[in-house]
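Put the two chains together into one complex; each comes in its own frame, and the hints tell you how they fit.
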Amino acid sequence: MKIVVCISHVPDTAAKVSIGENGKTIDPKDVAFVVNPYDEYAIEEALKTKEALGGEVIAVSVGTDANKETIRKALAMGVDSAVLLKDENPRDSLSVAKALAEEIKNQGAELVFFGKQSVDYDNSIVGQMTAELLGYNCVSVAVTFQLEDQKIRVEREIEGGREVVETFLPAVITAQKGLNEPRYASLKGIMAAKKKTIEEKEAAPCQNHVEVVKMKRPTPKQAGKIIGNDASAVPELVRLLREEAQVI
Amino acid sequence: MVNNILVYIEQRNGQIKKASFEAAKVGADFASKFGSQVEAIIIGGDVEDLEKISGYGVIKVTHYKNSDLVNYSSSAYGEIVANHAIESKNNIIVFSNTSMGKDLAPRISAKLDCGIAMDCTQFEYDGDDILASRPVYAGKALIDVKINSVKKIFTIRPNVFATGAPVDGTAEIVVNELGNLNLKTKVVELKQSEGKLDVAEADIIVAGGRGLKEANQFKLVEELADQLGAAVGASRAVVDAGWRPHSEQVGQTGKTVSPSLYVALGISGAIQHLAGMRSSKYIVAINKDADAPIFQAADYGINGDLFEVVPALIEEIKKLKSN
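Here the protein sequences come in this chain order: A and B. With positions in the first sequence counted from 1, the corresponding number in the working numbering is that position plus 44. With positions in the second sequence counted from 1, the corresponding number in the working numbering is that position plus 177.
Bound conformation, chain B alone (with noise of 0.2 Å):
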């Protein structure tokens, strides 16, 4: 059996999305571990550098074009994907685990009857089954899953799984014009935060608990993350009291996020919020309290008034980037 390999390729606003080189980079490893080949699938109106896709190991990306396409359609989109599954004979699909990926991804699995595996941050094989990695409980267990049903569906953790340098290769790309569509969910409106980083994708995150004192006090957070050009992110009992947006939120109940670096300003580190950002590659704590949990998490800790210390960094910064 040949495990030819699909990749759900995401566009926002006709830009390809950084976790969909991954998804590709990802694909690309399983069909060299399977002697297959892997193509790609992507959904929208007019979309920018299609071919930067071949860097990733792509023979062939098929673009389904149409201008009611340019936002999300569950139903467009699930029906659409469903059937070059289908068609196209590939058994392996990989997509991104963001909201579209997240949102996606289950309804090929209930068309296709077929397993799926979310949010997998770890691949490995036991002879030809491949065993997924994905953290439960919000990180705070993990379980390596195996899909039986011939088909297999795997969404992957953005900014876990590296890209490396795109390599030489021409995917042939066929676009796929549809006539009139008839959208069952359709967006009607997109309502964005302007220029605002979302902590699920950012790089570096810079997050503020109670130690804050008051809602704002997070002014310094904002101004940190600005200099860091990072996302704002918030614990559970800011956000319960109603200081921040739950979009913020970081943890068990909100966010489970991976970024390069997390700076946690006046954060205890109560274990739903660990459980949310301890697979950060780095971790920065400020806290006050020497015995705050979040100091067992830290690569890097300054246990002090985040009043004094913040400030300070924030000029320090400054001083990097004017150098």
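The following block holds chain A by itself, in its conformation from the complex (with noise of 0.2 Å):
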């Protein structure tokens, strides 16, 4: 079976973000980029599911040469092929997402994996849609997964516990933190990874329907009081809440 995980290039959850000259994007000077976090967990679930029913897991990134760098760490994990759909102007969830579908019908693989969001724009919906494009089925931030006989068995989190889904081939999944414990990459890894090949294309042109205006900074917020150093702010703080901040 062949299986698709999409990655992408994000910067590391502990950079600072501070915001570039047009205004619309953040300043990448000085930021390291790295695998988006939930991606691990998607290349991961790709890689046990081919080692327990075989196949090929390649990997699928929209963006620029930089993505490249993102790329070798999928491969270095055990992924075993990767295609980089090139393009130099960004692009709406939409439009990435028609990217993906294109050249994940190209692949003809039947299984694609992402994580469920990345953690530079947030959106949390370029798999969903990869999947609408598609008309495979889906199961958007799954925190199990089994598959058997075309069948397929996901838990996905919900507030305040888990929906059971089940569902069947084609289909997308999305991972959420706690699907598996993504490995390491080995050296052995690291080493074959240089060998692997990295496909360059370029992504299907199409048209953004969003449109970035503006970045801001959020409100700074204004550091509070300390109340005190032990036990006797307790009524303080508890009388601050009920009448001032009344939350309680």
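Check before you lean on any hint, since a few could be wrong.
Unchecked claim - Cross-link-like lysine to aspartate or glutamate pairs, in silico, DMTMM-like; alpha carbons within 20 Å at most:
(1) 495/B <-> 287/A
(2) 498/B <-> 287/A
(3) 258/A <-> 482/B
(4) 269/A <-> 482/B
(5) 323/B <-> 255/A
(6) 458/B <-> 146/A
(7) 288/B <-> 146/A
(8) 496/B <-> 274/A
(9) 94/A <-> 193/A
(10) 465/B <-> 274/A
(11) 390/B <-> 274/A
(12) 495/B <-> 146/A
(13) 496/B <-> 400/B
(14) 195/A <-> 366/B
(15) 323/B <-> 166/A
(16) 496/B <-> 287/A
(17) 363/B <-> 210/A
(18) 260/A <-> 306/B
(19) 242/B <-> 223/B
(20) 258/A <-> 400/B
(21) 363/B <-> 193/A
(22) 149/A <-> 166/A
(23) 458/B <-> 274/A
(24) 68/A <-> 321/B
(25) 458/B <-> 287/A
(26) 363/B <-> 192/A
(27) 465/B <-> 280/A
(28) 498/B <-> 280/A
(29) 498/B <-> 193/A
(30) 60/A <-> 468/B
(31) 260/A <-> 301/B
(32) 258/A <-> 306/B
(33) 68/A <-> 301/B
(34) 368/B <-> 210/A
(35) 495/B <-> 274/A
(36) 496/B <-> 280/A
(37) 260/A <-> 366/B
(38) 258/A <-> 301/B
(39) 68/A <-> 303/B
(40) 361/B <-> 210/A
In short, the hints are calculated from the structure, not lab data. Owing to the predicted nature of the structure, the values given are computational and were not obtained by experimental measurement.
Written as structure tokens, this is what we have:
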């Protein structure tokens, strides 16, 4: 079975974010980029599925040459090959999904994994959109995944619990933290990754519907008051919460 | 062009979610801006108090009903909402940014080939254009986005938009009983954490971090949460250490939350944690380390030993409740 895992290239979550000169995106200078953390769970699940059932795992990413660094990490974890769908211009989520859907169709992949969201724009929508464009079934925010005879059983996280969802191939699954423990790339894996191919293609052209007008800093919060240094401050804290904040 | 509005109303176990009333109010605000009308759609089995939606300016509610639709089905719900949106010719669709809304809204965007803005926290207008403001990088920055397609979808962050008091109004309720459904994705079981509030929905959150020293000390967090009717949250450090489940994690690789009150116990305030909770209305920090970054975000702080302060706080809340 052909399995595709879609990955994105994002700033490390520990990075401070400053706004770039264009006023619309972050300034990437001095920012370390990593594999989107949720994509690591997607990669791991794709590899585990291949190990259990056979087949191959192909990573697909939309972006620029900078994404190659991230793609290499996926290859070092054990992904067999990769496709970079190139576009120098920013794309909205639906445009990304359209490029991915076309490539997944070309590949004839029946099972597709995504991270549940990218930690840059935090939309959590590209997986579901791609599934819709392909006419594939889809379960998002998966914390367990089982596949047997084309049938899929997934637990997805919802508010205050989980939904146990049954569906079937072809399908798109988006991975939540907790789905598995992503493996580290071994030295052998890192060496092997250097020999694996990253096929480069132009991403299918399409028009964005969503336009970023400007990026802003959040209103800075004024540092509050330190009420005290021990338990004697508790009555005053409770009074403030009741009378000033009126939240309890 | 008349920008009529469609609001997606979410039910779980036959009850309308609070966040859906917020979505209805946002829809009504759009309608008064554009001089248009707002209608609502709900999918499920029996639903309690459906007429309550009238109180938020909605003139018509269409209830798609079938006993197989009591639980969410991404395939069936997606088709019903998309078909309704096309037939009813509504240009603006509003969802809540809940786990259902996040799953459903992007499917509609793909089906209708239109733009979508997720997790909006504020709306402004530039002439007839809606500028939607939404947090990115888990709240380290915000972007204003404009949707250029005729049809537009917005999902709104729960707990951010006030509903105000319900107004007088009577919405027409249309029940559309659906025949046999072929569910391609189907919820076969719901596993609910009994009586546990989720951080994403809670009005008060009590969260704990490394400062609690060991997993079983989290009972302090749980007890305070219990007294306040709050949800329990956790920092990434304690989730990664296996003390708490990931569903409780607040921050950039956990949940982004905006409760009225966030109480941080023994949490230093790493950048990815602050990003996830800084939009809380009030923040209380209890921490031994005077230099902990959490104090920069806190409205009220106690710079002391949480093992002394928290039991005293629990007693004080108990006292308050018994008066």
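Verification of the hints:
1. 495/B <-> 287/A: Measuring from Cα to Cα gives roughly 17 Å; hence the hint holds.
2. 498/B <-> 287/A: Between residue 498/B and residue 287/A the Cα gap is close to 15 Å, so the pair holds against 20 Å.
3. 258/A <-> 482/B: Answer violated: residue 258/A to residue 482/B is near 43 Å, above 20 Å.
4. 269/A <-> 482/B: Given that 20 Å is the threshold and the Cα spacing comes to 17 Å, the pair holds.
5. 323/B <-> 255/A: holds, 5 Å
6. 458/B <-> 146/A: violated, 44 Å
7. 288/B <-> 146/A: It holds: about 16 Å lies between the C-alpha atoms, which stays within 20 Å.
8. 496/B <-> 274/A: At roughly 19 Å apart (the allowed maximum being 20 Å), residue 274/A and residue 496/B satisfy the hint.
9. 94/A <-> 193/A: holds, 14 Å
10. 465/B <-> 274/A: holds, 9 Å
11. 390/B <-> 274/A: holds, 18 Å
12. 495/B <-> 146/A: violated, 60 Å
13. 496/B <-> 400/B: holds, 14 Å
14. 195/A <-> 366/B: Judged against 20 Å, a Cα distance of about 16 Å means the pair holds.
15. 323/B <-> 166/A: Roughly 17 Å separates the two Cα atoms, so the pair holds.
16. 496/B <-> 287/A: holds, 16 Å
17. 363/B <-> 210/A: holds, 5 Å
18. 260/A <-> 306/B: The hint holds at about 19 Å.
19. 242/B <-> 223/B: holds, 7 Å
20. 258/A <-> 400/B: Violated: residue 258/A and residue 400/B sit about 44 Å apart, past 20 Å.
21. 363/B <-> 193/A: At roughly 17 Å apart (the allowed maximum being 20 Å), residue 193/A and residue 363/B satisfy the hint.
22. 149/A <-> 166/A: This hinted pair is violated, its Cα atoms lying about 26 Å apart.
23. 458/B <-> 274/A: Not OK: residue 458/B and residue 274/A at ~24 Å, beyond 20 Å, violated.
24. 68/A <-> 321/B: holds, 9 Å
25. 458/B <-> 287/A: holds, 15 Å
26. 363/B <-> 192/A: holds, 16 Å
27. 465/B <-> 280/A: With Cα atoms ~18 Å apart, residue 465/B and residue 280/A stay inside 20 Å; holds.
28. 498/B <-> 280/A: With Cα atoms ~16 Å apart, residue 498/B and residue 280/A stay inside 20 Å; holds.
29. 498/B <-> 193/A: With a Cα-Cα distance of about 56 Å, the restraint between residue 498/B and residue 193/A is violated, given a limit of 20 Å.
30. 60/A <-> 468/B: holds, 19 Å
31. 260/A <-> 301/B: Satisfied, since the Cα-Cα distance of roughly 14 Å is no more than 20 Å.
32. 258/A <-> 306/B: Within the cut-off at roughly 14 Å; holds.
33. 68/A <-> 301/B: Judged against 20 Å, a Cα distance of about 17 Å means the pair holds.
34. 368/B <-> 210/A: holds, 14 Å
35. 495/B <-> 274/A: holds, 19 Å
36. 496/B <-> 280/A: holds, 14 Å
37. 260/A <-> 366/B: Violated: residue 260/A and residue 366/B sit about 42 Å apart, past 20 Å.
38. 258/A <-> 301/B: holds, 13 Å
39. 68/A <-> 303/B: holds, 17 Å
40. 361/B <-> 210/A: Status holds; Cα separation ~8 Å.
Figure legend: structure checked against the earlier numbered hints; hints not met, in rising order: 3, 6, 12, 20, 22, 23, 29 and 37.
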